[in-house]
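Engineer: Take the sequences, apply the hints, and build the full model.
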Amino acid sequence: MSDEGCVVTMREARSAWPRRLFMALAGSLAGLALMPQASAHPFGEPQTVRLQAAGAVVTLTWTAASDDIVALGMAAGALPGRRTLVFDTAPNGKPKPVGRTEAEMIVGSASVRKYFAEHLVVRQDGRACRSRVFLAELVDTGARVTFRCPKPVTDVDVEVTMLTDVHEAYRTVAIAPDATPNRALYTARQSVHGFSFDSDAVSADSGGIVGTLGKATVAIGVVAVATLAASAAWTAARTRLGRR
Amino acid sequence: MNGIEAELLRIFDSAVAAPVALVLSALVGAGHGLAPGHGKSIAAGYLVSEGARYGRAVALALIVAVMHTASVVVLGVLWWLTVDVASVRLEAVTRWIQAAMALCVVVLGTILLRRRWRESGSGHAHRHVTGRSWLEVCAAAAAGGLLPSPSAFLVLVSGLLSGRTGLALAMVAMFGLGLAAVVLVVGSLTIAGRTRFAHSSRPSWRKVHQLAPLLGAGAVVVGGCVLLWSAVSGLVALT
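Sequence lines, in order, name chains H and C. All residue numbers for the first sequence refer to the working numbering, where the first residue is 2 and numbers rise by one. All residue numbers for the second sequence refer to the working numbering, where the first residue is -8 and numbers rise by one.
Calculated from the structure, these hints are not laboratory results. Beta carbons: idealized from backbone N, C-alpha and C, even for Gly. A few of these clues could be false.
[Unchecked claim] Computed list of chain H residues with no C-beta within reach of chain C, every gap over 10 Å:
# : residue
1 : Ala79
2 : Val134
3 : Thr155
[Unchecked claim] Listed below are several chain H residues computed to face chain C (Cβ distance under 10 Å; list not exhaustive):
# : residue
4 : Phe44
5 : Gly45
6 : Ala66
7 : Ser67
8 : Cys130
[To be verified] Residues from chain H shown here face chain C by an in silico Cβ test under 8 Å; the list is partial:
#  : residue
9  : Glu46
10 : Pro47
11 : Ala76
12 : Lys115
13 : Arg131
14 : Phe135
15 : Ile176
16 : Arg184
17 : Ala185
18 : Leu186
Structural biologist: Below, the structure is given as structure tokens:
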């Protein structure tokens, strides 16, 4: 296309600006219409259980993302299936929730306490250790469940089935810095892991995994650079051919 | 956790052969990409605004795939290294990634809008790929690839903890390719539609084609602003 065919006079350009403004606004509205729902989805930690042992007591601290806590509240029956949130909308202030918040309902629920007692179990020599559930810090730092075992804790089996009754894809990561293994994964298929709190235990080697991930990151970087370079070279070659 | 998000984890947990798992991961990635968002409208707006050809759409889709896989791996490494100390909140990290991504899109949209506005005023159109243009392709791809899918992240974490890191990484990469395939289809349809308008015998359609770049740039700006609003709201809620 020659430049002559494209050039418009200044007067025409000025007279066209309302149309351009309209099209820019139309594009903006189209973008708004196409973007009503979250186009990205930030997410929190996976369900995590941290294990500690002192004497004959094992302590499990359960933490999860806020949507998983709500799922827990609904699974345990602390929250109704149809949730209604009521706010006091004063004319000169921020809306304030009326009545108990969902967090308060979950934390104060006996059924949630029972759910934890049923879905987190520690066994020593095949016998379940007696548990106590503390929910006060559930939303902030996590629910704490202590297990008093008959003998000082060395080897225990820990069963975790949190939320797998809601959906089998739920999983829980176990972190036990002072035990072997020091990390484990609970799924619907694998709900029991044995942990050894022997002080001489050697921690699992995580260097290999981090090394693998490091290599993967480098490989992805190389592929990305190669793709960009190849695409740029291809485009440049096409441009040169086009000029000839 | 439900719907297609959970399918990726179900596939990882199942005993299906690795090749089948990889094909299914790509299908789940495509299904995930079809859900609202994931940068499709921003990619379409960008391609329209730039008057791009199919090669640019392919490059954009490939960058989305690589970016998604890389972001899953980086978040996975970060989580793995910090989970013992629990000093890094994953939700805050992902919110900040979302904010950075949104900022990229807003800047890109503003640049495009300014350029197209001037061009439509002068009647000149000088569109060719430069080094800066490649940065722009990356910025457009960021909306679809910079923030990973939670299920892809969980598959990687599961792989790390179950000793199946290789399979998890391959599944995440295939998921990213499936996601990118949807972006490519949307981009290609956009380009085909624009070409159809260009060759139309109706003057009104050709007029729309002339003004489409401005429309596309406007869509990118608004898409970026919506993303930014969402990210900032999330960050405020965290504090």
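Engineer: Give a verdict on every hint.
Structural biologist: Quick rundown of the hints versus the structure:
For Ala79 (chain H), the requirement that its beta carbon stay farther than 10 Å from each beta carbon of chain C is met, with the minimum near 19 Å. With a minimum CB-CB distance of about 21 Å to chain C, Val134 (chain H) clears the 10 Å threshold, and the non-interface call stands. With a closest Cβ-Cβ approach of about 21 Å to chain C, Thr155 (chain H) is found to remain outside the 10 Å limit, as its non-interface label requires. Taking 10 Å as the C-beta contact cut-off toward chain C, the hint placing Phe44 (chain H) at the interface holds, the least distance being around 4 Å.
Hint on Gly45 (chain H) holds. Least Cβ distance to chain C is approximately 4 Å, under the 10 Å limit. Checking Ala66 (chain H) against chain C by beta carbon gives a least distance of about 7 Å; that is within 10 Å, so the hint holds. Hint status for Ser67 (chain H): holds, given a least beta-carbon distance of 8 Å to chain C, under 10 Å. Taking 10 Å as the C-beta contact cut-off toward chain C, the hint placing Cys130 (chain H) at the interface is violated, the least distance being around 24 Å.
The interface hint given for Glu46 (chain H) is met, as the beta carbon of that residue sits about 5 Å from the closest beta carbon of chain C, less than 8 Å. Because the closest C-beta pair between Pro47 (chain H) and chain C is about 6 Å apart, less than 8 Å, the hint holds. Interface restraint check for Ala76 (chain H): the shortest CB-CB distance to chain C comes to about 12 Å, outside 8 Å, so the restraint is violated. Because the smallest distance between the Cβ of Lys115 (chain H) and any Cβ of chain C comes to about 22 Å, over 8 Å, the interface hint for this residue is violated.
Evaluation of the Arg131 (chain H) hint against chain C yields a violated restraint, the C-beta minimum of about 27 Å exceeding 8 Å. Taking 8 Å as the C-beta contact cut-off toward chain C, the hint placing Phe135 (chain H) at the interface is violated, the least distance being around 18 Å. Evaluation of the Ile176 (chain H) hint against chain C yields a held restraint, the C-beta minimum of about 6 Å falling below 8 Å. Here the hint on Arg184 (chain H) is kept, as its CB sits about 6 Å from the closest CB of chain C, short of 8 Å.
A cut of 8 Å between beta carbons decides the hint on Ala185 (chain H): the least distance to chain C is about 6 Å, and the hint holds. With its C-beta approaching chain C no nearer than about 4 Å, Leu186 (chain H) sits inside the 8 Å limit, and its interface hint holds.
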